[in-house]
Amino acid sequence: MMISSATLKQLQYPNVLNSCRTIGAIVARLPITMQIEWFNLAAKSFKFKRDPAFDELANFISDKADAAAAQEVYAVGRRFMRPQPNPVRPQPTHKSLYRAAILTTQIGNDRSGQIRLPIKCALCGSSHYLDQCPEFIEMPAVSRISCVDRL
Numbered sequence: 001m002m003i004s005s006a007t008l009k010q011l012q013y014p015n016v017l018n019s020c021r022t023i024g025a026i027v028a029r030l031p032i033t034m035q036i037e038w039f040n041l042a043a044k045s046f047k048f049k050r051d052p053a054f055d056e057l058a059n060f061i062s063d064k065a066d067a068a069a070a071q072e073v074y075a076v077g078r079r080f081m082r083p084q085p086n087p088v089r090p091q092p093t094h095k096s097l098y099r100a101a102i103l104t105t106q107i108g109n110d111r112s113g114q115i116r117l118p119i120k121c122a123l124c125g126s127s128h129y130l131d132q133c134p135e136f137i138e139m140p141a142v143s144r145i146s147c148v149d150r151l
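Residue 35 in this note's numbering sits at position 35 of the sequence shown; the count goes up by one each step and never skips.
I should point out that these hints are in silico values taken from the structure, not numbers from a laboratory.
In this text, all values refer to a predicted model and were calculated from it rather than measured experimentally.
We treat Cβ as the ideally placed atom computed from N, Cα and C, and that holds for glycine.
Misleading hints may appear alongside valid ones.
[Unchecked claim] Below, simulated DSS-like cross-link-like pairs (lysine-lysine); rule was C-alpha separation at most 25 Å, straight line: (1) K49 to K9; (2) K47 to K64; (3) K64 to K44; (4) K120 to K49.
[Stated by the list, open to error] Restraint ranges, calculated between C-beta atoms of paired labels, are given here: (5) S143 to L11: 13 to 23 Å; (6) L30 to A6: 38 to 48 Å; (7) P140 to I26: 36 to 46 Å; (8) E37 to P140: 41 to 51 Å; (9) K64 to T7: 20 to 30 Å.
Using the sequences provided together with the hints, build the complete structure.
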């Protein structure tokens, strides 16, 4: 967050960071307990008749991340109580789901960087995505499901 803040400041876009919409979108992704703590901190800013800044939010989140990391360091005795992640990766149940994911990606794998391939509808072959295909839109829901399963 600090890097994005520094980048936008260098580009002279500080208003983008400090807008209520940007800060609100970030706060909405925080856990409820952190949201409550942030709103308490923001209320103090409102008492001084100013809006909280993006840097304040970034410092707040950074402090919470540091506290969570410290908790992991000092929780040595409780490690056995934490559930361990499953090392076995689940295999896809249907090959059609895998192929549909490949078809919808639409990005090439060139060494010079990611190059977008021309968009091609999987149903009619025209230059649009499947969800924008007139033929696909006119199909009933049951036919759409079977069409996607075939892909």
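Each hint, compared with the structure:
no., hint, in the structure
1, K49 to K9, "23 Å, holds"
2, K47 to K64, "23 Å, holds"
3, K64 to K44, "18 Å, holds"
4, K120 to K49, "53 Å, violated"
5, S143 to L11: 13 to 23 Å, "48 Å, violated"
6, L30 to A6: 38 to 48 Å, "22 Å, violated"
7, P140 to I26: 36 to 46 Å, "41 Å, holds"
8, E37 to P140: 41 to 51 Å, "49 Å, holds"
9, K64 to T7: 20 to 30 Å, "22 Å, holds"
In summary, the numbered hints that this structure violates are 4, 5 and 6.
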